[in-house]
Amino acid sequence: MAGRKNREHSSFEGSKVIRLEQNYRSTGTILDAANALIEHNTDRLGKALWTDLGQGDPLSLYAAYNEIDEARYIVERIKNFFAEGNAYRDCAILYRSNAQSRVLEEAMLRSQLPYRIYGGQRFFERAEIRSALAYLKLLSQRHSDAAFERVVNLPPRGIGDKSIQIIRDAARSSNQSLWTAALKLTTEGGLTPRASSAVSGFLSLIDDLDVATENLDLAHLIEEVIDASGLKAFYEKEGGEKGQARLENLEELVTAGQTFDPDDVPLFDDAVQPDMTLLDEFLSQAALEAGAGQGDPNQDSIQMMTMHSAKGLEFPLVFLAGLEEGLFPHQMSMDEPGRMAEERRLCYVGVTRAMKKLYLTYAESRRLNGTDRYNRVSRFVQEIPATLIEEVRSHEAIVRPAYQTSHQVKRVASDVSGTEFQLGQKVGHAKFGEGVILNYEGHGQQARVQVKFEAVGTKWLMLSFAKLQPI
Numbered sequence: 002m003a004g005r006k007n008r009e010h011s012s013f014e015g016s017k018v019i020r021l022e023q024n025y026r027s028t029g030t031i032l033d034a035a036n037a038l039i040e041h042n043t044d045r046l047g048k049a050l051w052t053d054l055g056q057g058d059p060l061s062l063y064a065a066y067n068e069i070d071e072a073r074y075i076v077e078r079i080k081n082f083f084a085e086g087n088a089y090r091d092c093a094i095l096y097r098s099n100a101q102s103r104v105l106e107e108a109m110l111r112s113q114l115p116y117r118i119y120g121g122q123r124f125f126e127r128a129e130i131r132s133a134l135a136y137l138k139l140l141s142q143r144h145s146d147a148a149f150e151r152v153v154n155l156p157p158r159g160i161g162d163k164s165i166q167i168i169r170d171a172a173r174s175s176n177q178s179l180w181t182a183a184l185k186l187t188t189e190g191g192l193t194p195r196a197s198s199a200v201s202g203f204l205s206l207i208d209d210l211d212v213a214t215e216n217l218d219l220a221h222l223i224e225e226v227i228d229a230s231g232l233k234a235f236y237e238k239e240g241g242e243k244g245q246a247r248l249e250n251l252e253e254l255v256t257a258g259q260t261f262d263p264d265d266v267p268l269f270d271d272a273v274q275p276d277m278t279l280l281d282e283f284l285s286q287a288a289l290e291a292g293a294g295q296g297d298p299n300q301d302s303i304q305m306m307t308m309h310s311a312k313g314l315e316f317p318l319v320f321l322a323g324l325e326e327g328l329f330p331h332q333m334s335m336d337e338p339g340r341m342a343e344e345r346r347l348c349y350v351g352v353t354r355a356m357k358k359l360y361l362t363y364a365e366s367r368r369l370n371g372t373d374r375y376n377r378v379s380r381f382v383q384e385i386p387a388t389l390i391e392e393v394r395s396h397e398a399i400v401r402p403a404y405q406t407s408h409q410v411k412r413v414a415s416d417v418s419g420t421e422f423q424l425g426q427k428v429g430h431a432k433f434g435e436g437v438i439l440n441y442e443g444h445g446q447q448a449r450v451q452v453k454f455e456a457v458g459t460k461w462l463m464l465s466f467a468k469l470q471p472i
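Residues are numbered in the working numbering as their position in the sequence shown, beginning at 1, plus a constant of 1.
Mixed in with the good hints, there may be bad ones.
The calculated lysine to any residue pairs, modelled on SDA-like cross-linking and capped at a C-alpha distance of 20 Å, are [to be verified]: (1) Lys163 x Gln142; (2) Lys432 x Ala456; (3) Lys312 x Leu279; (4) Lys233 x Ile207; (5) Lys243 x His309; (6) Lys468 x Gln451; (7) Lys427 x Leu439; (8) Lys185 x Gln142; (9) Lys163 x Arg151; (10) Lys243 x Gln122; (11) Lys80 x Arg90; (12) Lys453 x Gln122; (13) Lys185 x His144; (14) Lys427 x Phe454; (15) Lys233 x His144; (16) Lys468 x Leu279; (17) Lys357 x Lys163; (18) Lys312 x His331; (19) Lys238 x Pro157.
Derived DEER-like restraints, expressed as beta-carbon distance ranges [claimed, not checked]: (20) Asp44 x Ala387: 24 to 34 Å; (21) Lys312 x Arg158: 34 to 44 Å; (22) Met277 x Arg346: 45 to 55 Å.
It is worth saying that the hints were derived from the structure and are not from the lab. Glycine included, every Cβ here is placed at the ideal spot set by N, Cα and C.
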């Protein structure tokens, strides 16, 4: 940009650069933080924002134990904000990755706070999530016509619209499900040889997946379905920011399966019916989350959005969530200076969306794709002068606990309640090998245990599915 500046002066002699530096929106503290942050991008003409609105409050930094604690803290602050007479619409939660919204959405639903995803969809409404859930639905209920229609040719497997219409007509005429009609057409004829082979392959895929995942816990069942169905490879080929966002959402679905607890208090009264399997309970909860909670356009609602969607908007209260190395800045930007500069500009945009109060939050431990990852605070936070930041809780005073969810109970006894296992015991798993039990929650075969495996790291497993063997 320095070269660009020189070219401007040489091309237009006597010209004068006028910088539009006065800001009419944010407090001085917020602008000072933004100026300090963006100064680390050297390839720019440069300007220093200022305001006559006064310095205002310092930025608040919260170091959460994990993403659930982070969401809880944000909800508490919003409740206080509303109790002081402010409107929900004056509050925004910004995040780098689209997948971060799931835990935040659940926290909003549990607290009965109205919210809207600005410029996007709720987690369980996103196309890639609905497709993965459709595959899971077919494992549980072969005769779900909606699930069949959604994924029979996704990823594309050579089943055209004409073939699908033949299956629909056959199902309607015989008053059967699409699954039953498709099975009959592939065995008795009615489709072209090519289409028949493709449909038969799809039916076999579902049957084979059902057998292969029979003894897997919910999270690994979801992971296997995403992989074996071809959805993961399909979105990997899409590439770019959009493809990456879809993959991150699918990874978050795995995490949703791992943190799902059938013994937890359900979000909705009708989420659980008698004799439902764990998978059915999860699918029911997902369906209800997709259909409830988001405020209508005219309702006073908390605004949730990615940093990219926030450009041009302003809010009295703003939360920047997930300020961790590898998440924001994103892992893909680490080795490319140009992309790192763009990440910093994006953070600058996020900071300057705040008018009066800005909270910065990060999770010391975040569960991604079924694995707990321990994170350092983002460099962007460290690039803001400490004099502008008030730490809500001393980072040094935090003792990292085992991963907790809202329903977890701290244990004193060493036995895993109602089972033959103990904390610290070595166990074996058919897929993950040997590991050590670190923590647990629940009772008996409905308990979940946290096991640190030598090969794959730490994972939470349902005892009823994991088939752990004492060593």
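Evaluation of the provided hints:
Distance hint between lysine 163 and glutamine 142 is unfulfilled; the C-alpha atoms sit about 25 Å from each other, more than 20 Å. A threshold of 20 Å between alpha carbons decides the hint, and for lysine 432 with alanine 456 the separation of about 10 Å falls inside it, so the pair holds. The hinted pair formed by lysine 312 and leucine 279 fails the criterion: a straight-line CA distance of about 41 Å is larger than 20 Å. Taking the CA atoms of lysine 233 and isoleucine 207, the gap is about 16 Å. The hint holds against a cut of 20 Å.
Proposed proximity of lysine 243 and histidine 309 is supported: the alpha carbons are some 12 Å apart, at most 20 Å. Of the pairs offered as hints, the one joining lysine 468 and glutamine 451 holds, with about 14 Å between alpha carbons and a cut-off of 20 Å not exceeded. The hinted pair formed by lysine 427 and leucine 439 meets the criterion: a straight-line CA distance of about 10 Å does not exceed 20 Å. For a cut-off of 20 Å, the pair hint linking lysine 185 to glutamine 142 stands: about 18 Å separates their Cα positions.
The straight-line distance between the Cα atoms of lysine 163 and arginine 151 is roughly 15 Å, inside the 20 Å bound, and the hint therefore holds. For the proposed pair lysine 243 and glutamine 122, the alpha carbon gap of about 14 Å is at most 20 Å, so the pair holds. Of the pairs offered as hints, the one joining lysine 80 and arginine 90 holds, with about 13 Å between alpha carbons and a cut-off of 20 Å not exceeded. Taking the CA atoms of lysine 453 and glutamine 122, the gap is about 35 Å. The hint is violated against a cut of 20 Å.
Between lysine 185 and histidine 144, the direct Cα distance comes to roughly 14 Å. Compliance with the 20 Å bound is thereby established for this hinted pair. Taking the CA atoms of lysine 427 and phenylalanine 454, the gap is about 10 Å. The hint holds against a cut of 20 Å. Restraint check for lysine 233 and histidine 144: the C-alpha separation of about 24 Å exceeds 20 Å, so the hint is violated. Between lysine 468 and leucine 279, the direct Cα distance comes to roughly 16 Å. Compliance with the 20 Å bound is thereby established for this hinted pair.
At roughly 58 Å between alpha-carbon atoms, lysine 357 and lysine 163 are farther apart than 20 Å, so this suggested pair is violated. Distance check on the hinted pair: lysine 312 and histidine 331 sit about 18 Å apart at the alpha-carbon level, within 20 Å; holds. The suggested pairing of lysine 238 with proline 157 holds, with an alpha-carbon distance near 13 Å, which does not exceed 20 Å. Judged by the Cβ atoms, the range 24 to 34 Å given for aspartate 44 and alanine 387 holds: they are separated by roughly 26 Å.
At about 39 Å, the CB distance of lysine 312 to arginine 158 agrees with the hint of 34 to 44 Å. Between methionine 277 and arginine 346 the CB atoms are about 48 Å apart, so this pair conforms to the stated range of 45 to 55 Å.
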